[in-house]
Structures are given as C-alpha cells and as structure tokens.
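From first to last, the protein sequence lines are chains A and B.
Residue numbering for the first sequence follows our numbering, beginning at 17 and increasing consecutively.
Residue numbering for the second sequence follows our numbering, beginning at 6 and increasing consecutively.
Mixed in with the good hints, there may be bad ones.
Non-contacting residues of chain B with respect to chain A, defined by C-beta distances greater than 12 Å in every case (computed) [unchecked claim]: (1) S8; (2) Q11; (3) T12; (4) E13; (5) E68; (6) T76; (7) Q86; (8) F108; (9) E110; (10) V116.
With a Cα cut of at most 30 Å, we get these calculated BS3-like pairs of lysine-lysine [to be verified]: (11) B:K73 with A:K19; (12) A:K75 with B:K61; (13) A:K69 with A:K19; (14) A:K75 with A:K94; (15) A:K78 with A:K19; (16) A:K69 with A:K94; (17) A:K78 with B:K73.
Because the hints were derived from the structure by calculation, they are not lab data.
No experiment lies behind these values; they were computed from the predicted model shown.
All C-beta atoms, glycine included, are put in the ideal place defined by N, C-alpha and C.
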Amino acid sequence: GPKVLQIPSHQIIDMGQMVTLNCDPVSNHLYFYWYKQILGQQMEFLVNFYNGKVMEKSKLFKDQFSVERPDGSYFTLKIQPTALEDSAVYFCASSLGEGWGNYEQYFGPGTRLTVL
Amino acid sequence: GDSVTQTEGQVALSEEDFLTIHCNYSASGYPALFWYVQYPGEGPQFLFRASRDKEKGSSRGFEATYDKGTTSFHLRKASVQESDSAVYYCALATGGLSGKLTFGEGTQVTVIS
Chain A
17 GPKVLQIPSH QIIDMGQMVT LNCDPVSNHL YFYWYKQILG QQMEFLVNFY NGKVMEKSKL
77 FKDQFSVERP DGSYFTLKIQ PTALEDSAVY FCASSLGEGW GNYEQYFGPG TRLTVL
Chain B
6 GDSVTQTEGQ VALSEEDFLT IHCNYSASGY PALFWYVQYP GEGPQFLFRA SRDKEKGSSR
66 GFEATYDKGT TSFHLRKASV QESDSAVYYC ALATGGLSGK LTFGEGTQVT VIS
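Go ahead and model the full structure; you've got the sequences and the hints to work with.
Here you go:
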C-alpha cells in the first residue's frame, strides 16, 4: 500500500539546538499531519497542513514549532529551539482528502527525537 | 475535550483465542470512530472506521460496532493468530475539515503460538 517515509528515524540533539524532521508523504495526498507520542503515553495531534497553510494546531504546537512544505518536497516540522520536553516520537501522516469520514490517514514509521 | 479510553494496556493470548479490546469515548458532537494497528517499527495503519450509531466496521477478521448509547467501540476477533501481535489504537474524529484524530492509549496484544 501507499507509504509515508520519515527521515531520520532517530535524531539526538542538545537542548537549545534546532532540529528539522522530514516527511515524504504519499505522492498524491494533499493533507499533512504531525502527531507526537511521548514514551508510554498517547499519540497526540500537533498540527495539520493543507495548501500551504496550517489548518488547525493543538496546544502542544508551541511557538518554537513550525511546519512547511516548500514546492511539493518534504513536509517538515522544525523545532527551534528544542527543549527537554520535546523528546518523543513524531509521526507524520497524510491523507488524500479532508475531513474525518472519507479519507484515511497514512502514517510514517516515526522519528524518535532525543533532546539532551 | 475529546478523549478515548482503552481499558486493557496489555493482552496476552494463545492462538485461536477470542480477542476483545474495550474502547470508550467522550466527545462533543457525533464523532467517527476508528481502529488502527501498529506493528513494530511501523506507523499506525488504518484498520476500519464507523461513522454512525449501530454501524459495524470490519477488516481482516476484526470488527467493532459503534454504540452511541454506551459510547463504546469495542474491538473483537474470534480467533487470533500470532501475526495479530501488535499495538491496537482506538481513535475518534469529530468532524470539520481538520481530520484531527484523538487516540486512546493503545493496547499491546501478544499472541503466543
């Protein structure tokens, strides 16, 4: 089936540094998402993105976070500066269309971010 | 806010056993309900959805029925196989354009041959 790729699979950085997580969504998908999962906790919605704009973001999507997809390339999540509480697995997802009832989200394998 | 609760954190079974994972939700409005499955090293995969009361979703021998009265969407499978070992997530979405999913805590299912 369709695959979402995430690069890198694991990233270790020092607190205060900038990090960019990359997502290669399914090729014809138009809606993109980031979710965050702290070890042992639920996966939580961060943000979704369509047509170059953020459509909705949660309270977890701090001012230090930003997303973009320049020219149809990777969909990225940038954190600048990072904090210890940003350590988590970040999952990217994409869907063909909008809304909850019609289009399933395809998830990548996740990027494990460790902030030291 | 919206929430999903899965009662079982871990379930251990033998092959051909009956599996039940309990999922209850709390949401404003009329949510769509989902089950996702996650295998080691992979992201969650869509299993199936149900969008209205009494609707049954099913896939790969798994099934769940939307029950608005008890706010539940319990996952069942009559005869599990070792390949069903995975983490199962119940989730909901409450409509609108965002497609935001709210997940439960997940249930680790281990099937022993």
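>> Under the constraints set out in the numbered hints, which ones does this structure not fulfil?
In response: Numbers 1, 2, 8, 9, 11, 12, 17, in rising order.
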